[in-house]
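Protein chains in written order, with this note's numbering: chain A, 22 to 388; chain B, 22 to 388; chain C, 22 to 388; chain D, 22 to 388.
Simulated from the structure, these hints should not be mistaken for laboratory data.
Just to be clear, a hint being listed does not mean it is correct.
If chains are identical, the list can't say which one is meant, so a pair holds when it fits in one copy or spans any two.
With a Cα cut of at most 25 angstroms, we get these calculated DSS-like pairs of lysine-lysine [stated by the list, open to error]:
hint : residue 1 : residue 2
1    : LYS162    : LYS343
2    : LYS212    : LYS261
3    : LYS162    : LYS239
4    : LYS239    : LYS178
5    : LYS261    : LYS195
6    : LYS24     : LYS226
7    : LYS352    : LYS261
Residue strings, one per chain:
Number of protein chains: 4
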Amino acid sequence: MKKPFPPVYYADYLKLDSLLTSQKPKSDEYGDPAHDEMLFIIVHQAYELWFKQILHELGSVSEMFLKDNVDERNIGVAVARLRRITVIQKLLIDQLGVIETMTPLDFLEFRDYLIPASGFQSIQFRLIENKLGLNFDNRVKLNNMNYYTLVSDEHQKMLLESQNEVSIYESIDKWLSRIPFLNTDHFDFWKYYEGAVGVMLENEKSIIVNNPSLTDEKREKQLAMFASTVENFEALLDEKKYEALITEGQRRLSHRSMLAALFINLYRDEPILHLPYRFLTYLVDIDENFTTWRYKHALMVHRIIGAKVGTGGSSGHEYLLKTAEKHKVFKDLFDLPTYLIPRSELPALPEELKKNLGFYYTATLNN
Amino acid sequence: MKKPFPPVYYADYLKLDSLLTSQKPKSDEYGDPAHDEMLFIIVHQAYELWFKQILHELGSVSEMFLKDNVDERNIGVAVARLRRITVIQKLLIDQLGVIETMTPLDFLEFRDYLIPASGFQSIQFRLIENKLGLNFDNRVKLNNMNYYTLVSDEHQKMLLESQNEVSIYESIDKWLSRIPFLNTDHFDFWKYYEGAVGVMLENEKSIIVNNPSLTDEKREKQLAMFASTVENFEALLDEKKYEALITEGQRRLSHRSMLAALFINLYRDEPILHLPYRFLTYLVDIDENFTTWRYKHALMVHRIIGAKVGTGGSSGHEYLLKTAEKHKVFKDLFDLPTYLIPRSELPALPEELKKNLGFYYTATLNN
Amino acid sequence: MKKPFPPVYYADYLKLDSLLTSQKPKSDEYGDPAHDEMLFIIVHQAYELWFKQILHELGSVSEMFLKDNVDERNIGVAVARLRRITVIQKLLIDQLGVIETMTPLDFLEFRDYLIPASGFQSIQFRLIENKLGLNFDNRVKLNNMNYYTLVSDEHQKMLLESQNEVSIYESIDKWLSRIPFLNTDHFDFWKYYEGAVGVMLENEKSIIVNNPSLTDEKREKQLAMFASTVENFEALLDEKKYEALITEGQRRLSHRSMLAALFINLYRDEPILHLPYRFLTYLVDIDENFTTWRYKHALMVHRIIGAKVGTGGSSGHEYLLKTAEKHKVFKDLFDLPTYLIPRSELPALPEELKKNLGFYYTATLNN
Amino acid sequence: MKKPFPPVYYADYLKLDSLLTSQKPKSDEYGDPAHDEMLFIIVHQAYELWFKQILHELGSVSEMFLKDNVDERNIGVAVARLRRITVIQKLLIDQLGVIETMTPLDFLEFRDYLIPASGFQSIQFRLIENKLGLNFDNRVKLNNMNYYTLVSDEHQKMLLESQNEVSIYESIDKWLSRIPFLNTDHFDFWKYYEGAVGVMLENEKSIIVNNPSLTDEKREKQLAMFASTVENFEALLDEKKYEALITEGQRRLSHRSMLAALFINLYRDEPILHLPYRFLTYLVDIDENFTTWRYKHALMVHRIIGAKVGTGGSSGHEYLLKTAEKHKVFKDLFDLPTYLIPRSELPALPEELKKNLGFYYTATLNN
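Hey, can you work out the whole structure from these sequences and the hints?
In structure tokens form, the structure reads like this:
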């Protein structure tokens, strides 16, 4: 028989003794209490708590995908955890609104005490970026310094180590590259897709060329636009061009993984692709949410300190704006819609493949 | 000359060492790790951090209004701090959505370890209710127990002490009762208002009585409704009836304070009343937000545990629903719109009073 | 070759000519313009636009589930559309905040012109309730009147007709009752579940009885709580008791459907159950969101008109509060967590069944 | 005696007949119904409804500030209306999340029918920008075209006319330039402020120069940063430099207005400055919200069409990103925090001035 567990007290369970005594305003210490410093501390602590939770989720998802054979029952769990991260991210974004209840003048009352502490030193946020798979080379520098420069030795070590761990990005790349179905005896996704794109483009061009209502000038303009569409597709269809983009740092996912991602997006309604589709979508959601957070963070910093130099010795505002643009991890997936074509122009899948993508129960019933 | 302050490090400033090591899942302790327990801990810790911040704001506002002579420059500050509380409350409400990413089945994996800990034991939330001024007699009981029954002796002492401190509710009641302008040599707000209400009701009745398009049945129905309107107004206009409501526990603000609040609402565009109007409005906002939080909290609990008995040994769901209804502190202010009448039916204020309610600069200019 | 489609102009496509001239404030008509009436009109029109969209989504989902054989590829589509409804519902809730920027005094400036129009007359909202499957008998009455009393004859006809259409509730009930797997040659979910519940309850009881640290009084209390848990489970396990609840109007789903929903919830990680699980969850989300909307709507109405009689001749506030409580359509699903038991106490599924619940591809691979 | 107004019916009042029949999907027209086109239409119509409301609010605020003598009672009203706009803007931002429930593949099903219609043709949004005061020269061009190029002649005329109306920006500039108090017999704000900045900078420099713990290299770095701070202040303190910035298009507010805005920000707790402070703050909020909306709009467009050419024949994504950066109207106010200095370093106001900034009632009491 089971025994009852020892009784638990709310305050002990949550370690409220240490949690609620961890707010030590500097302005109090210097005998010049500034009311709003408490808010400043608590809002940052709330951020760090949520960062810990995000790391907890990312860590578990990462482990699932490290395996050579990802258990399909796990994809559902992974999707739920990524979704949880997006819900938390919305809190992170809304928390900026809480900081904005502190006016510039109120911040000035304790700002000098904090120098040179800075959000730039949040280790957990860097660990999140590394776990997701932000490339070291893509990191925006602050005053020409690397992101691990301004932190303690111990923290620096943690950051460098985390760079060497397998990131979610890398696991996904590998997982995608292994996905079956793209190339079977009866089906070659690549050839199908290439053909469908060809027909579509041919059609589009012929509409422009033969449209009697266009002036020559307009026709030329539309043909120029059409050319850029063609170029876009070639950057994917022509493997050499694609590899060149990888070399230039404009693409990162392997060509095979990119095709797999495309396949998943185009045939997402097939049962076995449904969860992989949602999984990829949530990765882009997470990227988009952090992008939004960085952007709004930049606006908030500007509104509170203006063009002043930040406590960490930088124009935090401009640094953050740049990271919003450059710190996207799943940019290749974010760009995927460029390559989607209408369902109606997509050839139907062969029956054999459709069966393979379905549930066992229905497939055997239909046999 | 000023000296530079000693340099500050982000992680030290925020006490991250203790903050980020305060998550100790019981399921880990028992060797049966449940992934979602981390979320459960962190979301509750985030709540407690924000509760601390809300107490910080309420404490400062309370101190401002304890004084016999409230400095008018402070009302603007108090308004800003109450507004901050409402922004934080929106986070608290949205955090419920984070908990809801934990499914009932996931919660069951560690629920038994936590017995009998319960959110019912959050001391800070009780302190918030007491600081706002929740009346002990209005508190909903849980399984017939008082709200301070299930907590440690030390915490019980804190709660009982806080009941004896002057609450914001009480300070506001006193402050409102002292507001000048309602009764001057040239102006008696009470008489004006009573008269205006009389005219308005007379008018309304005569419309019903003389409306030729009404059937007798409809007229009777409308007259019944009208009677209930009259009754509503009498419960305010007739001081004895009002006092009776206080005795019955249906009203709590003194009659004089209620009138002052009404005056402030009706003439809120006069400069000196603008901030008091916003102040009263934010008190109702805070009440409304906690009400919403309790209600959504109840829904969330139901969705996660259903009709099961809560870890604290109660139907948390039903208890929370009842507090949503009964734990409003500023119910009298919430009911105020009942007594508002259209601006067009309100007599203009005498010039002398208007001057008194204006700024010095314009008033003297116009002299 | 395809032809280009005729060019489209933004304003024509969106019928802005009629859309943006459909705001006719009564206060303008009566020569006494009230600035805020425009807001009042536009916010209600925005609600009606979104209601139309919700009806569009519900209609399409309803059609999918009307069929005797629900195509599994459709469940993913249905889930996406229900999710869209929940995103729209969050807008509906936030729109209440826009109305709250209108103060009671500002509303009074045009309120009398609108009598007896009332949100109670929104046909589309009633159609949504009917399409979801709100039972006529569960509808809260307003001043003792049926919900279709105060509308035009044409609208009344629409409402009565919609009551006779198959609702989503009914389709779901039928669909659930047909779900296979609960009873196969090798597996009887019902027996498994019943057994697991029995073991769990036995265990719980023995903990209470044998716990040496309990006083007699506490033990008795806990045994009383335990008895209520047992009762809860019996209301499901004992088919007769369940049928009695249906007769009393406390349950509505058939017993078989309720079991199917339970099965889906307990084994949601099995591939074929994943989307059905999400589908059921979104139905409860939609219910919960409308409940929240009604509740906050009630608070908003109270804040704007207080205890005054509404323009439609009723206490809108109290009516709305009651509908928040009573107009839940999927209450049975909402209560489901009551019957969940920890995964660890659930017997593993037989291999044959697991295969049936999986994908064809993996199942055949493993063969 | 008043007469009752003729009875009003909900559906008539809201013109639901035309409102709810204004959705005409092109895909229906072409016999190839795409389910999601309804969402596409309704979400755009909801935007246009809210744009109309925003124009309604901006128009009324603009009228108040056109007068030579802005009635101070109106500032409170104007603040409430600007605040309402910010609440609506949050809806506009959240509505993007509704569009994002439409996947790229679903959009492709009707996209071709809409060419060349584009959100670029929303007249109301352009009118909002013009009414706020967006400078024609600052407008981002789309494919080298002016913003009024792609619209009908009638609409073009409306846009050009609106450019000639007095914008809120211009009224505010004029109003700020007229604000008294900055220069009285006993007080010269400019001199006070200049002095305080001088002391502050002197102090800061001396800390760097005399700090024994700094290496030479670090000292030099800090001095470089200090120099940029000095430069920032000179761009305000030195009227010639300020005028040069205006000529270069980097500043737009007159020097006198900028000082007035600074004064209002620094002494916002003085009663007469409280509402002007909130007014200026809301103008920046509105700018910030539209910036966020444009930025998230850009992200959304990218997610739905990728790098494809938009229906309007442009890379909507990049255009929107640029407008997020460049279409801020109140950039000068947004930059103001750069020039704030701590309250503690600000000289106290002379008693006479303080009285002038206070209420009549207290000022005369204290006499």
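(message) Please sort LYS24 with LYS226 into within, between, both or neither, judging by C-alpha distance up to 25 angstroms.
(response) Intra 76 angstroms, inter 11 angstroms, cutoff 25 angstroms: inter-copy only.
(message) Please sort LYS162 with LYS343 into within, between, both or neither, judging by C-alpha distance up to 25 angstroms.
(response) both (9 angstroms within a copy, 23 angstroms between copies)
(request) Give the relationship of LYS261 and LYS195 under a CA distance limit of 25 angstroms: within one copy only, between copies only, both, or neither. (result) So LYS261 and LYS195 pass the 25 angstroms test inside one copy only (20 angstroms; across, 55 angstroms).
(message) With identical chains, the pair LYS352 and LYS261 could be close in the same copy or across copies; at 25 angstroms between alpha carbons, which is it: within, between, both, or neither?
(response) within (20 angstroms within a copy, 46 angstroms between copies)
(request) Please work out whether the CA atoms of LYS212 and LYS261 approach to 25 angstroms or closer within one copy, between two copies, in both situations, or in neither? (result) Only inside one copy: LYS212 and LYS261 sit 16 angstroms apart there, 61 angstroms across copies, limit 25 angstroms.
(message) I want to check one pair: LYS162 and LYS239. Are their C-alpha atoms no more than 25 angstroms apart within a copy, between two copies, both, or neither?
(response) Only across copies: LYS162 and LYS239 sit 18 angstroms apart there, 44 angstroms inside one copy, limit 25 angstroms.
(request) Tell me, please, which holds for LYS239 and LYS178 at an alpha-carbon limit of 25 angstroms: within, between, both or neither? (result) between (59 angstroms within a copy, 24 angstroms between copies)
Going through the hint list in order, the structure satisfies each hint without exception.
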